[in-house]
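Participant: Residue numbers (the working numbering), protein chains in the order written: chain A, 5 to 383; chain B, 337 to 661; chain C, 370 to 659.
These aren't lab readings, by the way, just hints derived from the structure by calculation. Honestly, I wouldn't trust all of these hints.
From the derived model, a few chain B residues whose C-beta atoms are all more than 12 Å from chain A [said to hold, decoys possible]:
id	residue
1	Val374
2	Phe377
3	Pro424
4	His532
When the alpha-carbon atoms are kept at most 25 Å apart in a straight line, the in silico DSS-like pairs for lysine-lysine are as follows [unchecked claim]:
id	chain 1	residue 1	chain 2	residue 2
5	A	Lys140	B	Lys450
6	A	Lys95	B	Lys450
7	A	Lys205	C	Lys484
8	C	Lys456	A	Lys302
9	C	Lys484	B	Lys450
10	A	Lys120	A	Lys139
All values derive from a computational prediction rather than experimental measurement. Virtual Cβ for every residue (Gly too), placed ideally from N, Cα, C.
Now for the letters of each chain:
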Amino acid sequence: MRKLLSTCLVGFSLILAASQAFAAAPIKIGALFAVTGPASFLGEPERNTAVMVVDEINRAGGIHGQKIELITYDTGGDATKAVQLANKLIKNDHVVAIIGPSTTGDTMAVIPVVEKAQIPMISCAAGIKITDPVKKWVFKTAQNDSLAVARIFEELRKERKTKVAILTVSDSFGASGREQLKAQARRYGIDIVVDDTYGPKDTDMTAQLTKIRGSHAQAVICWGTNPGPAVVARNAKQLGLTIPVYMSHGVSSKKFIELAGDAAEGIRLPTGKVLVADLLPKSDKQKASLQAFIRDYKKHYRTEGDHFGGHAWDAMMLLKEAISRGATTPAAIRGQIEATRGFAGIGGVFTYSAKDHAGLNKDAFVLVEVRKKGWTLVK
Amino acid sequence: MAKKKKVALKSDKIKFLVFCLVVLLAPLPFAKGYLSNVLIFVGVNSMLALGLNLLLGYAGQISLGQAAFFGLGAYGSGVLTTQFTMNPWLAMVLVAVSVALFAFLIGFPVLKLKGHYLAMATLGVGIIANIAFNETVDLTGGPSGLSGIPNLSIGGFTFDNDLKNYYLVWGFALVAILLSLNLVNSRVGRGLRAIHDSEVAARVMGVNARIMKVQVFTFSALISALAGSLYAHVVTFISPTSFSFAVSVELLTMVVIGGLGSVYGSILGALLLTLLPELLRAFQDFDIIVYGLLLISMTIYLPGGLVRGIPELFRRLVPARRGNA
Amino acid sequence: MELLQFVISGLATGSIYALIGLSFAIIFNSTGIINFAQGEFVMLGGVLTICAITLLKLPLLAAILAAVAGTTLVGIIFERFAIRPLKNATPLSLIIITIGASILIRGVVMLLFGKDTQALPAFSGTTPIEVGSATLLPQHLWIFGVTILVIIGSRLFFHHTITGKAMRACSFNRRAASLVGISVWRMVLLSFVISSALGSLAGVIIAPLTMTAYDVGVMLGLKGFCAAIMGGMGSGLGTVLGGLILGILESLGAGLLSSGYKDAIAFFILLLILFVRPQGLFKKGETERV
Chain A
5 MRKLLSTCLV GFSLILAASQ AFAAAPIKIG ALFAVTGPAS FLGEPERNTA
55 VMVVDEINRA GGIHGQKIEL ITYDTGGDAT KAVQLANKLI KNDHVVAIIG
105 PSTTGDTMAV IPVVEKAQIP MISCAAGIKI TDPVKKWVFK TAQNDSLAVA
155 RIFEELRKER KTKVAILTVS DSFGASGREQ LKAQARRYGI DIVVDDTYGP
205 KDTDMTAQLT KIRGSHAQAV ICWGTNPGPA VVARNAKQLG LTIPVYMSHG
255 VSSKKFIELA GDAAEGIRLP TGKVLVADLL PKSDKQKASL QAFIRDYKKH
305 YRTEGDHFGG HAWDAMMLLK EAISRGATTP AAIRGQIEAT RGFAGIGGVF
355 TYSAKDHAGL NKDAFVLVEV RKKGWTLVK
Chain B
337 MAKKKKVALK SDKIKFLVFC LVVLLAPLPF AKGYLSNVLI FVGVNSMLAL
387 GLNLLLGYAG QISLGQAAFF GLGAYGSGVL TTQFTMNPWL AMVLVAVSVA
437 LFAFLIGFPV LKLKGHYLAM ATLGVGIIAN IAFNETVDLT GGPSGLSGIP
487 NLSIGGFTFD NDLKNYYLVW GFALVAILLS LNLVNSRVGR GLRAIHDSEV
537 AARVMGVNAR IMKVQVFTFS ALISALAGSL YAHVVTFISP TSFSFAVSVE
587 LLTMVVIGGL GSVYGSILGA LLLTLLPELL RAFQDFDIIV YGLLLISMTI
637 YLPGGLVRGI PELFRRLVPA RRGNA
Chain C
370 MELLQFVISG LATGSIYALI GLSFAIIFNS TGIINFAQGE FVMLGGVLTI
420 CAITLLKLPL LAAILAAVAG TTLVGIIFER FAIRPLKNAT PLSLIIITIG
470 ASILIRGVVM LLFGKDTQAL PAFSGTTPIE VGSATLLPQH LWIFGVTILV
520 IIGSRLFFHH TITGKAMRAC SFNRRAASLV GISVWRMVLL SFVISSALGS
570 LAGVIIAPLT MTAYDVGVML GLKGFCAAIM GGMGSGLGTV LGGLILGILE
620 SLGAGLLSSG YKDAIAFFIL LLILFVRPQG LFKKGETERV
């Protein structure tokens, strides 16, 4: 009896081993996101989205029958950890491509690692430095800050406002925004009359706004991510600031309206189209992608997918496209990503080339205004 | 007595040589893997933990601003080599000397303080340094960081892969360890321990407590600055988040877990905490909780750190068993 | 013109620091412990109130009471399981333990309640009140009011009740206190109770203004600590003045000098005070604290 049992067992395990050997090995993709730490508002939706997309792909049978295995690590927004984990993905997990990191700082730290290892990486961070100058193995999906700045300045020029005050947060997001605001001001004939900053953990910005109120500024542009801009909105209301307030795409989520409350009314900001997907005309190329993303995210996580998760959606989808066009090695995947033309994703319509690894133009942004706790398009 | 001391010194030498051998061979099994990369950071952290331990474990002076010296070293090297295209080695020496001088100067007023006041003052220094890294955008690149820092090289030999960098960093770390061992076993070391136990008694015995504390503070800043320079040249990118208050706390944890007042304890602490994220990956998001629990329970139950705690535990268990029999 | 607004804003922020500083000073004065987890009590106050409102559907007042009670419970557990088992408590080990506790509390809150920032509705509306050419919010009046109440309350408690006097006795000399029959551990526990309750109360009343999340405690705790040190770690007017001065310095620093360096200015002044007058701005004598 016992002999029979053991024979059965051996036979069974042999079959198991054989069936495993026959199934194609999964394609390994690495992901680095700042799931904890100060940038978790980026990393968490990004990780969720990446996991969701991979789930959907595998459920549909993978790409050409090959499943995808996603290996995600949390950088905590710490550049040192990001470097270590990138090394781990490449050397231990042998991934063929990496998506992320979430922040510009983490991305800049990881770039030398992927360049040397020749592994394609699609960053989800916005800093213009990432793809300017172009690095052979590095792409990005988040819209450049410069595009958001251009969108705001165009509107100001239309309204013939020439004097603005800027109030930026002193972290990498704010610093990059500040740089772009200052760099592009002259081209739009705009004069920056007050240039102030605030700390990411500050709880009161009335001092800066009082200074702005005392200046000749015709508009305020605040560049930061939650909760700072919500405090700015509330403080502006407290001080009775009458000039229009512009924010960055860093606060383009319902959370901002929730935090700022009544003070959010009338505030304008440039954002990717995901916030206003329903308001877009049917002819919009991105509409299908946007609606798919929003629907899937709601199904998986029971909350609304946001702008930031969209960066990871685009990155995963670009990889999927590249792989389904037959690329399996890192070099081939890189080549196929660079050959992407007119891919309508969440952040915009991507067209990469050897000279452009950011892939978007300023149509990626629309200008919205907060009205009655919701978003309306500014035409 | 003298003979005993000689024997002790000899065993110290053997210990150090064995340790050197371990360091030399450690990365070979994973030369191609990712672990050799982690071991570089273990080296950097060892230097930092060592610097802090000299101050904390031997002189009993707490510092919550150790990341400031680390950051000054890294930014000093980073800025001088990228913005002013200075020779990296020259920059490293220049930076180390200036940071040491800076520490020497602020050491006098800072180390006059005690306990919580000292903690607060060093914390203040750390925060001011971090703000300076963030705000001097033209020089440091501000919050977005500074990239394009060159790798170190000697003649035509460039330290451009993990294994080379491992030996570079650990070469420095071993020298730092050797110097620290000598310092600890010297007259200064004994004076420091006296200060730790009772500063008043030490002063009565003729120990110039003030000068001695400042000397150790300076030496500890020097090691940290060197670690910073090495970090900058190995990673080739630096940003202010790598030198924040959280990093100072992490260093403190390394020293406490490894063993206060033990040179090898610092290295053990650095090794464990650098590998901890790897070990805690099984806990996923719970790692921050495990981290906090470790810090509390270690301080309560193993105040001597692992270096002393493990033999102690062993000793306690063995006689207990004998008693039962 | 603008100066008045800077001062008013500074006073408003400063009274927040003062309140947190007071809760620091209470533990320090009866135990000699600087509790680095104090900021987490402040955070717990705000986060738990919001939870009580959204999850338990409690009305505001009940939610506040629940949050303060909840935080106090955390304070008791903290004292019982992290402070009391410590055999020879040196300042160093206490600093490390309280830092460990702050990491732990932050981690638990992050896992239980998420990482999102939350806003608490203002207690009595958000219509600005005009003071000359400057404005402030009704919530600021709440903060001023609570701060004043706390000062009066702690003065009465520490100087006019037996328990309060016993707590002070413990801070002067533990052994002597226990020799005259004071139960030292009970006093330590009591100081944790008071301080965590006070910290959470501060967290609750500032949450409508500053909003709250699992990680707001660190910076608020540090600033409160600064305030307490400026005031010489007393549990009275000194700390309050310390907090107000810190707030005004920050606001003036941001408004007149440089907004990026305002925290650096505040900490620089703190260092100067520590170097020149380690006993605090308003205290005489007693230079060295061994």
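Participant: Each of the hints needs a verdict: does it hold here or not?
Facilitator: Going through the hints against the structure:
| no. | hint | verdict |
| --- | --- | --- |
| 1 | Val374 | 6 Å, violated |
| 2 | Phe377 | 6 Å, violated |
| 3 | Pro424 | 16 Å, holds |
| 4 | His532 | 31 Å, holds |
| 5 | Lys140/A with Lys450/B | 54 Å, violated |
| 6 | Lys95/A with Lys450/B | 47 Å, violated |
| 7 | Lys205/A with Lys484/C | 14 Å, holds |
| 8 | Lys456/C with Lys302/A | 53 Å, violated |
| 9 | Lys484/C with Lys450/B | 36 Å, violated |
| 10 | Lys120/A with Lys139/A | 11 Å, holds |
Of the numbered hints given earlier, the model fails hints 1, 2, 5, 6, 8, 9; all others are met.
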